[in-house]
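Student: Residues per chain are reported as follows:
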Amino acid sequence: MRTLEAFLLSGIAVRSILAAEAPRPRGVGPEFAKFYKSSDTFTCISSPSIHLPSARINDDFCDCPDGSDEPGTSACAHLSPLSPYTVGSTPIGDVNTTLALPGYYCKNKGHQPSYVPFTNVNDGVCDYQLCCDGSDEWAKVGGVKCEDKCKEIGKEWRKKDEQRQKSQSNAAKRRKELVAEAAKLRQEVEAKVLTLQTLIRGEELKVKGLEAALAEAERQERGRVVRKPGVGGKLSILAQLAKDRIEELRESLVEVRNQRDMGKARIAELEAILTTFKEEYNPNFNDEGVKRAVRSWEDYAARDKPAIGDDAKDRDLVEIAKPDSETGAIKWSEWDEPEEGDVDVLYKIEAYLPVPARDWIDQKLRDLRSFLIENGVLAPSMEASSSKEVEDARNALKAAQDSLSNNQKQLDESNDDLGKDYGVDDVFRALKGQCVSKDSGEYTYELCWLGETKQKSKKNSQQTTMGRFVSIDKVMVDDELPPDGKGLGSGERVALRYENGQHCWNGPNRSTFVVLACAETDEVWKITEEEKCVYRMEAGTPAVCGAAEKKTEKSKDEL
Amino acid sequence: MFCGQGWAQSLFASVLILCLLRPAVTVKHENFKTCEQSGFCKRNRAYADRAATLGQSWSSPYTLVSDSIKIKSGHVTGTVLKSLKGDTAESVRLPIKITFLQSGVARVTVDELKRQQKDIELRHGSSARKERYNEASLWALVAEDKPDTSANGESLNQETSVNYGPQNRYRAVINHKPFSINFFRDDELHVKLNSNGLLNMEHWRAKVDKAEQMEGEEPKGEGEDESTWWEETFGGNTDTKPKGPESVGMDITFPGYEYVYGIPGHASSLSLKQTRGGSGNYDQPYRLYNSDVFEYEMDSPMTLYGSIPFMQAHRGDSTVGVFWLNAAETWVDIVKRKVSSNPLSLGIGGTSDTETHWFSESGLLDVFVFLGPTPKDVIEQYSELTGYTQLPQQFAIGHHQCRWNYVSDEDVKDVDKKFDRADMPYDVIWLDIEYTDGKKYFTWDSHTFPDPLGMQKQLDDHERKLVIIIDPHIKNEDNYPVVSELKSKSLGIKDKNNNLFEGWCWPGSSHWIDCFNPAAIEWWKSLFAYKSFTGTAPNTFLWNDMNEPSVFNGPETTMPKDNIHYDNWEHRDLHNINGMTFVKATYDALIHRDSPVRRPFVLTRSYYAGSQRFGAMWTGDNLAQWSHLAASIPMILTHNIAGFPFSGADVGGFFGNPSPELLTRWYQAGAFYPFYRAHAHIDTRRREPYLLDDPYKEIITQALRLRYALLPAWYTAFHAASISGAPILQPHYYAHPSDEAGFALEDQFYVGSTGLLVKPVVTESAETVSIYLPPNELYYDYSTYSIHHGTGRTTTLAAPLSKIPILMQAGHIIPRKDRPRRSSGLMRYDPYTLLITLSPNATAEGTLYIDDGESYNYEEGAFIHRYFSFSENTLTSTDIDDAMQSNKGKKRRDYLNLMDQVRVEKIVVVGAPREWVGKKSVKVVEDGEERSVELGFTRGSGGRASWAVVRDPGVRVGRGWRVEF
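Protein chains in written order, with full-length UniProt numbering: chain V, 1 to 559; chain W, 1 to 965.
Hints listed in this document are in silico derivations from the structure and should not be mistaken for laboratory results. If you're wondering where the values come from, they're calculated on a predicted model, not measured in any experiment. No residue lacks a Cβ here, since even glycine has one placed at the ideal position from N, Cα and C. Misleading hints may appear alongside valid ones.
[What the hints assert, rightly or not] What follows is a set of in silico ranges between Cβ atoms, one per label pair, in the way DEER data are often shown:
1) Asp460(W) - Lys159(V): 19 to 29 Å
2) Asp694(W) - Pro23(V): 36 to 46 Å
3) Ala301(V) - Pro695(W): 49 to 59 Å
4) Ser461(V) - Gly438(W): 16 to 26 Å
5) Gly438(W) - His503(V): 22 to 32 Å
6) Ala301(V) - Gly792(W): 54 to 64 Å
7) Ala744(W) - Glu530(V): 42 to 52 Å
8) Gly289(V) - Ala529(W): 28 to 38 Å
9) Glu477(W) - Ala301(V): 45 to 55 Å
10) Arg686(W) - Ala321(V): 42 to 52 Å
11) Arg205(W) - Gly263(V): 28 to 38 Å
12) Glu162(V) - Asp460(W): 27 to 37 Å
13) Ala529(W) - Arg497(V): 20 to 30 Å
Take the sequences, apply the hints, and build the full model.
Tutor: Encoded structure:
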């Protein structure tokens, strides 16, 4: 691919080489040959009003405002908005001075022709990467000799190109597999959705039934009044229990308060130490640990402190912690007497009636009570334990509801999943959960597709999360493609955003921007920390091969 | 802003508040001494105060014994007696030597006999040397200049008078009692030594136990406060002062002079301020005590990383100077007094005297007096004494890209490629401390830099260089051969008990190499051999940082003063020279490394008078703030007039993240720093210029290309500095020494002798700048050729972000190379453009120096040095070094042959006379051959000058020729 690719010539241009009989001036590409045909005058390409004698072509002096008279030298290399402006640096007044030619044309026989920037012409360096025939150094400045290496470079390139193409076709194949895999995974999810929907419908009915059953059981239960064995002193037992419990709580409160006071004193001491440390540490040491400690302390100190030791609250606490006495908040003795409830009164009347009447009354009372309760006249009796029937009904309903909500949740998730962006052709669905890693310096970096990015120390087992997947994105890149093709190259690329990783001292939460290019296998090529705790990964994966082009046709297929 | 106590306290308070919000961004004042906290500073100021209080009744207790005076072959020698009041009857004998050098410089050296003869006892059983330190000149001076044997003097009536200097224009009048010296030039008094009687040599005395002295009782003897004589504690470190009080001080007055400059390095104005309080003045003396000052503050006399105790006094049409050769901690008080020549004139026509008061903690009194009369003369004389700026390699004046840190060799290669892709030229990429294995110098981190040679190969492909950092602290760790050797060969600095000193720096526990030791330098040289320091290549160069030395746990972040160096000198005596010895060792090591030898490049943070011989300096760890950009200009100008022109400030600011606008303006200003390096702290965001968006990126590229286009002019200016000490950036007073209105100007400057007048934009959102133009001068705008007449007032120039305000003083010829390349090395054979700015009487002149930019072959004549002049419608190129013509050595012949392919491709004449309107050609005469060459004329309009272009005269840059218009 290389940068060459950008300059590869079209078939039309190649044909025009054959057509042009007269030799072109040095550095002129075939597509510009037509401007250089005249043997005695030359017309500046972008300024047709300027005519020069042909001898001024490539005479190493810049005459045309667009540089077109110097296709084979660096004389017009300064014509660029990147150069400092002076009125005298352009040959004629205030004319548009955009270079008319893309660069110096290297024929590169035995390889592919390409353009070299004019700034690189005759600078004493053989720019073989662009100009394998060495013709960019035709003036041999300083005695430099750039021999023609097109034969070997071309051979090497074709070999690489073959490999690359093979690799690309492998990558394309692999992508197909991934897409198929993704489709399968999607189908699975879709199938699951259908299953869940059916299940849920059934469960909804079941829940409804169980609800009704429970309601009936409860109705029954509410009406049943069974005199439980036991003394009338239920309340006094409770009171005694409460008293014991409160005493116990009071004691532990006092204990906890003592511990708190000790803790408070220690925090104060520690804060004093840290305050001094913060003021006195030498930032020149640049000890990461110290800096982190200072930073954390600053964060800590800046936070709103919970009010420990509010005086008023403390006084309340003292009051609360006093043991209860006759004059205290609760007079436990008052609670020693047994007490009669509404039901007890009923039972007392009942005792004077014959058994059948008693049963009848009992039934009637039960109905009445149920009626009253159901109509909100009487409060239902809050019993600690209900009967087995109610319990069973309740459990059955709970189980059914849980199952329903669980399935509902799964359904929602699956629906979400189906709606989520997994990239073109859903391809990342096939990669989700898989990870690739790369050693770089003292760390191993891990990229988990649509998961997390991590930095793992080789020295210890420390792991740092560099971000969690957020979205699939696009980004324009402009890099030189290395010969092995393992690089981003130029153009629009798929990128994955990972954000909200571990917080960075004196910086943001870590984040990673993963830029992807087509490759045969999943691999991380490069990790850079672009700025503090903002990472950029460059990675290859077949998942993004030819992604852009296939988008439309694939979606048609699916339709 | 100055360091009042109350002010300082409120500063601390605000710092504390700031600290809760973000990392500290201001200097820690409590880490550095005020004068009151430095015993001898306090004592000498008190001495001055006493003298001032007594006024006329104050009399200096120093007398030159008339009988002792001997005058011979350019020397005056004798004995000065310091009479002691009170109980001691005896007086202190101080041998004095006054030398009149052939260069016209007078040197006054005073020693103390008892110490000189080692007739003293040191306390605490110290092994330190007993003499006053007398070796500063070995390091600072290039050679003891020869005495001027034609100097003649005579003693008469308690006065000795010596005529000396060129045509005996100078006269030194030595008063015997009290001792003082007045220096005259052409019978006019210019410099007075000890005229205020502040000469103070604290003689040796045994510590007298004053236990019997009752509390509240006045101290006996001279009534001096002895509290700081025997021990001083600061910041938890105690200085045991085994030699007792030893300070040396004196007043130096410049009568009739209102402006003084020099004594870098401080973040202060070019024109030095008064230091004894009052509105707009400092209340602390300028301090010279090389220190690692973290996040230093602006507009302060506080000490910084380096010290050059050289000061110039200037007034209309006269400049004089003094050089206080002392390597110990030094402070300088400055007071300017308005004196009215006529009491009735009510200030009109009144002049100012500038009274300076210098004092150092120990060592000799050793003062050099320069009598000018121009700033150029004074700087030349000073430079002749301390050595000229090294002629750097060509790459060193290109654009440097640094960051703490480029994290791996891949990172470096990537940055390198990205500069090319962005069409931004650069020459050098730098590695800060993280390239090492655990901060062990001479090692590489094998994880991050597995292939340093591969990395350097890629850089070398485009003639680019790598600079790596090596600091003087050597990690104290087992299995590190460098520290093992340092220990076994005993080449480190010792503590007061004569054990190897151990302190804390980047690597943690460390030792410091003692480069005062010749054996240490030899050893240091061996460490840089390619086979020893693997992973380095011929395009690897060096950066010496932290050489004040910075010791994190030491007093004032440096070394305890009672540490012991080679030959048993105390650290106190030579502290300010320490940094220079380390750079010199590295410089020597690089000379030693390459065969054939090439010019070393070493950047240093710490420096002293003489450091200019070894490389470049930068202003240390600045901040990414507009104020720091603004301050960089006077700081660099001060270094330029103090003999150390190869200076720069971190472009972008070291700490913090500059806005794109600030970064852009900084690249524009930096394009005119002699040393042009972008640098950034590890906590900052990446800011390589190609990362910016347009228009910033495009504008920065223009600034970089402008620097490269003007490299021929820069290199010529560096060459001038290397043979004469001439400033590379010239402040206004230097260029226009009689234009009083511009003596305090510090934000505009000329580049060498090109006449390029630059006023960098250093404020946010600027659309214009005001530039001062001296009367009767004509200027053309660099990019538009618009005409500006100097009137002695400021004029407004447009300065949108895209524009660096640059004017061209009429009358100059500027060599330029207009073809943009990837690095300076790739411009070597490119043709030149000559830019001629015609004066109103249609004349101009300029010079061009070229050599291979790398080797020492220029010493054998392998260079081109041309003088261009334009007059009577003819441009002529002549050889400057006619003497060298006779040098027909092979290296010269080869070089000239090689360079014969290089031509002048274009001559641009700005301010072309109107008569040229119809002119179509000019006559070129080269090697006796004539040819006609096309001329294009463009008539100026709208305030623009007319200009003409000679199209490809084709003349060889190395040959003699003329162009007739």
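Student: If you test the structure against every hint from before, which numbers come out violated?
Tutor: 3, 9, 10, 11, 13
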